[in-house]
Amino acid sequence: MRGAPAVSAYLPILVLGLVSFGFAVFSVVAGALTGPKRYNRARLAAYECGIEPTPQPAGGGRFPVKYYLTAMLFIVFDIEIVFLYPWAVTFDRLALFGLIEMVLFIATVLVAYAYVWRRGGLEWDN
Amino acid sequence: MSPAAYLALAAVLFSLGCTGVLLRRNAIVMFMSVELMLNAANLALVTASRMHGNLDGQVFAFFSMTVAAAEVVVGLAIIVQIFRSRRSASIDDASLLKL
Amino acid sequence: MTASPALLVAVPLLSAAVLLLTGRRSDRWGHWLGCAAAVGSFLIALNLVLSLAKQPHESREISQTVWTWISVGGFNVDVTFTVDPLSAVFILLITGVGSLIHIYSVGYMEHDDNRRRFFGYLNLFVAAMLTLVLANNLLLLYVGWEGVGLASYLLIGFWQHKPSAASAANKAFIVNRVGDFGLSIAVMLTFVTFGSVAFPEVFAAADKASSTTITWIGLALLLAACGKSAQFPLQSWLLDAMEGPTPVSALIHAATMVTAGVYLVARCHPIFDLSATARGAVVAVGAITLLMGAVIGIAKDDIKKALAGSTMSQIGYMMLAVGLGPIGYIWAIFHLLTHGFFKAGMFLGAGSVMHGMNDEVNMRRYGALRTAMAVTFGTFAIGYLAIIGVPPFAGFWSKDEIIKVAFEHSWVAGGAALLGAAITAYYMTRVMLMTFFGKARWADDAHPHESPAVMTIPLVVLAALSAVGGWALLHVVNLETWLEPVLGHGEGELPFSSSLLLPLTLAVVALGVAAAWKVYGAGADIPVSAPRGSWFIRAARADLGGDLFNEKVLMQPGQRLTATLVRVDDSVVDGAVRGIGGFTTALSARLRQAQNGFARSYALVMVIGAVIVALALAMVRFA
Amino acid sequence: MGVQLPFPTPQIEYSLLLPVLVILGAAVVSVLIEAVAAESLRRTLQPLLAFGSLAIALAGCVGLWDQRQVVAQGALVVDGPTVILQGTLLILAVLGALLMMESRVDPAGDPFAARASTIPGSADERGFGARRQTEVWPLFLFAVGGMLMFPAANDLLTAFIALEVFSLPLYLLTGMARRRRLLSQEAALKYFVLGAFSSAVFLFGSALIYAATGSLDFAGIADAVSADPTSGLLLSAGVALLLAGMLFKVGAAPFHQWSPDVYQGAPTALTAFMSAATKVAAFGALLRVMFVALGGAAWDWQPAVAVIAGLSMLVGAITAVVQSDIKRVLAYSSVAHAGFILTGVLAASPKGLSGSLVYLVAYGFVTLAAFGLLTVVRSPAGEATDVQQWAGLAKKSPVTASVFSLLLLTMAGLPLTSGFTAKFAAWSAAWGGWQTGVVVIGAVSSTIAAAFYLRIIVSMWFSEGDDAVVVALPGLGTRTVVGVGVASAVVFGVAPQLLLGLVDGVGVFLR
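Quick note, the sequences are listed as chains A, B, C and D, same order.
The opening position of the first sequence corresponds to residue 107 in our numbering, with each subsequent residue numbered one higher.
The opening position of the second sequence corresponds to residue 40 in our numbering, with each subsequent residue numbered one higher.
The opening position of the third sequence corresponds to residue 349 in our numbering, with each subsequent residue numbered one higher.
The opening position of the fourth sequence corresponds to residue 32 in our numbering, with each subsequent residue numbered one higher.
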């Protein structure tokens with residue numbers, strides 16, 4: 107579609123991809139070569155569920171939702187970045203309009219943050 | 040490389056995700072399959088954006104990532120909740136509602 | 349002063365609303381309010397008809413537009429009530445016979461806790477029936493049509509503690525839906541063809557429409573008429589409808605509602621005039637039903653069901669007559685009126701008998717009641733003479749004319765009508781003999797007694813009408829001339845000398861009476877439990893397979909379709925998913941036996957749906 | 032680096048977006064209230080905020096009556112259909128909120144779980160028993176905001192965002208029933224998984240349409256479609272997937288299977304709102320996509336929509352016959368109604384548009400009222416939704432039985448009720464062309480449908496009831512909802528001109 111300049115523009119990404127691929131291969135190979143080789147139940151356990159579905163006392167105790175909360179918090183900020191970044195790139199051209207909109211956006215995200223905070227989502231030892 | 044190939048890849052990913060939803064019975068894996076479908080759509084959007092030389096598709100991809108994230112939050116909340124009630128994340132166990 | 353047609357509908361409607369909404373508070377006086385509303389609307393009807401009579405003969409009409417119901421673009425539907433000579437006779441019949449039956453019900457329903465509600469429903473029925481006949485467009489007629497259906501439905505199931513009553517109500521409803529479907533199709537076809545549903549506009553434009561369309565409209569109207577008037581093949585509900593209280597059978601299932609089909613055909617006669625096919629179908633339906641109903645009447649031991657068979661048969665006569673075209677319309681309406689008198693009288697008579705016999709309906713448990721219930725016997729006997737067509741009673745005048753015009757139409761139609769007259773004479777004589785003559789076969793605890801005056805007075809009035817009503821309508825009111833502006837007039841030619849007809853008819857009737865006398869007459873021994881009877885009687889007891897038809901043609905395909913859909917949902921889709929998944933745990937196995945509720949199978953169906961959509965798109969695009 | 036593409040400073044017409052912005056703003060504030068206010072305060076503040084914002088939005092909506100404008104850089108459009116749909120949605124939302132407020136029918140005083148995260152049957156749950164749930168309000172407001180956006184969306188991106196904004200809160204709300212928690216959670220899971228699946232399908236469809244046409248906004252797609260009417264496989268596949276995604280939301284067969292489960296499991300107050308409002312919003316968007324973006328290719332999609340409409344009517348009507356739970360009966364009947372509305376869509380004409388809109392308005396109020404009425408019939412275990420439990424209801428409460436009968440008859444399309452007006456409007460648009468066949472299927476299915484509506488009516492009036500089932504006296508809110516439903520059924524039936532004229536006045540979609 108676009109010819110040579112476009113391709114060259116994507117070259118760094120290609121390089122980055124190669125490097126990361128190489129790193130991944132290296133880690134796996136290195137781990138296999140150097141690590142101890144012991145097989146036990148834990149290694150063969152189902153992986154896909156994430157959390158082992160162990161039985162809990164009848165009537166239900168508390169379930170450790172900390173990981174889940176952490177993930178949610180991560181998402182709150184993750185989303186912020188997704189939109190902050192393009193805004194930062196075109197910040198000068200969007201001028202005041204962009205700034206106001208972005209403040210509104212961040213305020214909205216902060217509301218969510220405040221909600222999590224007030225509801226005890228940030229207290230790890232609970 | 041022709042953009043059509045990327046679209047084809049997107050279609051393959053979408054179909055894989057679709058198959059995953061139909062075949063896996065773990066709600067979380069089903070949900071991951073849905074995410075795969077969303078990402079297939081993202082790939083298609085970005086490819087098309089490149090094909091047509093406008094940014095709409097890329098913007099859409101940003102938004103769909105956001106939505107996917109929100110969906111994760113909601114989805115995990117529901118799945119974790121039902122898992123705690125039933126000790127099972129199998130979607131098929133959740134079939135009290137019928138005829 | 350001319351009363352307003354809308355008031356005619358409003359009075360019973362308001363009364364129904366009061367009765368149904370005030371609850372127990374109106375228990376003490378509710379039935380009298382109901383009667384007052386009926387009598388009041390009768391007076392209004394009388395006023396309207398008298399005013400109508402003062403107008404010039406050719407253009408008699410009183411119209412009142414209450415409001416414009418729908419107005420979209422050039423399409424208007426007004427709520428307009430029109431009194432013309434045709435609807436005039438109907439409003440008199442409905443409110444007149446209706447009033448008598450209301451009064452009778454005060455006595456008949458005296459011991460029922462829900463008498464007030466009963467009167468509410470009756471008033472509702474009267475209002476709906478008046479709407480039906482006063483409507484000047486098909487859509488408003490449809491409203492009335494559904495309204496009488498609803499009221500009939502509520503009244504058939506009135507004694508809800510009897511399971512048979514509830515199931516009869518259901519059956520009436522379901523069978524009637526088929527008819528209503530016909531009417532809705534007719535309304536839609538009319539709307540599309542003429543861009544209007546108002547009778548004057550439709551009839552004025554009828555001859556410009558294609559003959560195929562007209563035939564389809566006619567057939568759809570016939571389907572509707574068959575449902576409401578219990579005509580073949582939708583006749584079976586009427587016999588079960590006898591589960592309702594007897595006044596209901598008299599008012600709705602003999603005198604008024606079931607004749608709505610005849611009214612519909614007569615009202616839409618410009619459509620039928622244009623389609624020989626549709627008219628032929630009407631004649632066929634009428635002829636078949638008149639014989640079928642008569643045969644069913646022979647076999648029933650339940651007095652009300654015997655009378656119901658007779659009603660079917662008599663409406664068959666009317667259908668036959670309206671199918672004959674201009675030569676028959678007037679006689680159909682004439683017979684409708686006389687039938688309204690004598691059949692309502694006989695039903696009320698039957699109710700009076702039941703009232704005195706602890707609600708026994710089996711005629712094999714009657715016998716020798718003529719002395720115990722003299723008034724009932726006398727009035728019933730007059731009705732009997734009227735229905736079998738003994739001159740000068742009412743039925744004679746109307747039935748004789750129908751047989752005449754049937755012969756003018758064809759030998760087959762005439763033959764059927766004549767044969768029907770013979771069978772009618774037979775089964776009515778049977779009813780008469782089994783009930784009032786012979787030996788008493790009463791149950792041990794039966795102490796027959798005459799009914800109170802509030803019940804016998806309506807009987808006497810109806811008997812009087814049955815006796816002289818036919819002659820009076822023909823020679824005093826001059827019904828023929830009265831209806832002519834609406835229904836037109838036709839002259840036919842008998843294939844044989846007209847002087848032969850009367851002796852022939854009377855001979856046939858005498859034959860029927862004699863045959864019944866021989867079997868059930870003096871000294872005949874009537875077993876209390878019914879003998880097995882010949883195949884013919886057994887078939888007739890089974891309503892000549894009416895239910896079988898319903899089951900095979902109407903219900904089973906529906907049930908099968910439902911079952912199939914559920915099965916596809918349950919087994920095919922889920923089964924496929926299950927096969928792929930291969931689950932093992934006991935819990936899910938148990939849940940899977942129930943075979944539904946799986947989100948993944950829903951997803952699969954969605955995918956299939958998407959494929960269907962894609963295929964449909966692709967078919968257009970790439971085909 | 033690389034390509035510089037134009038990125039103009041956007042213009043946002045805030046005044047025209049007032050209804051949407053007010054509701055979404057209120058939703059954010061509502062989250063803040065959840066975060067900082069004490070429980071007792073929240074209980075009064077949240078409904079106040081909800082009703083206040085709905086009122087302002089409704090007033091704003093009325094103010095937009097004559098506006099015909101594409102706004103927010105072509106993302107949204109304010110035109111006649113938008114205003115009437117948003118107005119309907121807002122009124123439905125007010126009624127839905129009234130049902131959510133209802134505190135008199137359930138002895139526990141609240142239709143929602145005190146805390147959704149507790150495990151059903153646990154001591155933890157009992158500990159929270161007396162509390163009132165207030166988290167439903169922000170979720171509800173977000174859902175309403177999304178619904179307002181959906182029919183106004185003028186490009187696929189906005190449509191997708193709106194779809195998600197109203198869907199995600201509904202998934203959560205579905206799982207928050209106070210009683211029968213397991214069923215409720217299961218319904219939420221199903222709704223979520225299938226809803227996410229359908230969103231993915233919708234998204235991929237959008238991507239393919241974008242790939243085929245190079246445009247996300249409806250006008251651009253329309254141009255591309257009419258410029259190249261034979262544009263191939265990519266567009267067809269995209270349209271099919273997009274349709275599938277939207278038909279899921281409207282609950283048309285075969286994308287309907289979630290609806291009975293979800294309607295049954297969700298808290299009834301929410302089911303009422305959801306069944307009415309989701310359908311209005313989703314059909315609004317569907318109409319816009321079909322008429323604006325794909326209007327030039329109507330010949331292409333009509334057969335597909337005809338198939339779906341016919342299927343929906345038949346499957347909905349036939350399956351409802353064998354149901355034993357009233358909520359499921361109503362759910363299946365809503366599937367049939369989706370088919371009836373699709374008949375109007377099928378006409379692909381201004382008349383079809385106004386017919387569909389009339390149907391949506393008429394249907395919305397009646398359905399909301401019918402579900403609202405379900406909450407008052409109760410057994411010791413909660414709402415009594417089994418058809419058998421409704422037997423003999425007329426003896427216990429003639430008013431409830433009469434009103435419910437009227438609502439059912441309205442759904443059956445009895446003349447002189449709004450149901451008839453609606454069917455008349457939708458069908459008269461489709462009747463005449465080759466779509467006549469679909470209308471006949473519609474007539475057949477409404478005949479079948481009448482059978483199961485009547486079955487319920489008969490059992491209410493003609494059967495002996497269960498003494499354990501009682502009719503609770505509802506608060507003013509529920510009574511208002513039912514009253515509005517009944518009034519709409521009667522008024523729009525007796526004087527359909529009010530509704531037909533209103534809808535005819537709004538004109539067609541702005542391109």
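Honestly, the hints are just simulated from the structure, not real lab data.
In this text, all values refer to a predicted model and were calculated from it rather than measured experimentally.
Idealized CB from N, CA, C, for every residue including glycine.
Worth double-checking, as some hints may not be accurate.
To give an idea of the interface, some chain C residues facing chain B are shown, with a C-beta separation under 8 Å as derived from the structure [stated by the list, open to error]:
| id | residue |
| --- | --- |
| 1 | Leu369 |
| 2 | Arg373 |
| 3 | Ala722 |
| 4 | Val955 |
So these bits of chain D aren't anywhere near chain C, every CB distance computed over 12 Å [stated by the list, open to error]:
| id | residue |
| --- | --- |
| 5 | Val59 |
| 6 | Ser148 |
| 7 | Arg162 |
| 8 | Ile192 |
| 9 | Pro334 |
| 10 | Ile339 |
| 11 | Ala443 |
| 12 | Lys454 |
| 13 | Gly532 |
(message) When the structure is checked against the list of hints, which entries are broken? Sort them ascending.
(response) 1, 2, 3, 9, 10, 11, 12 and 13
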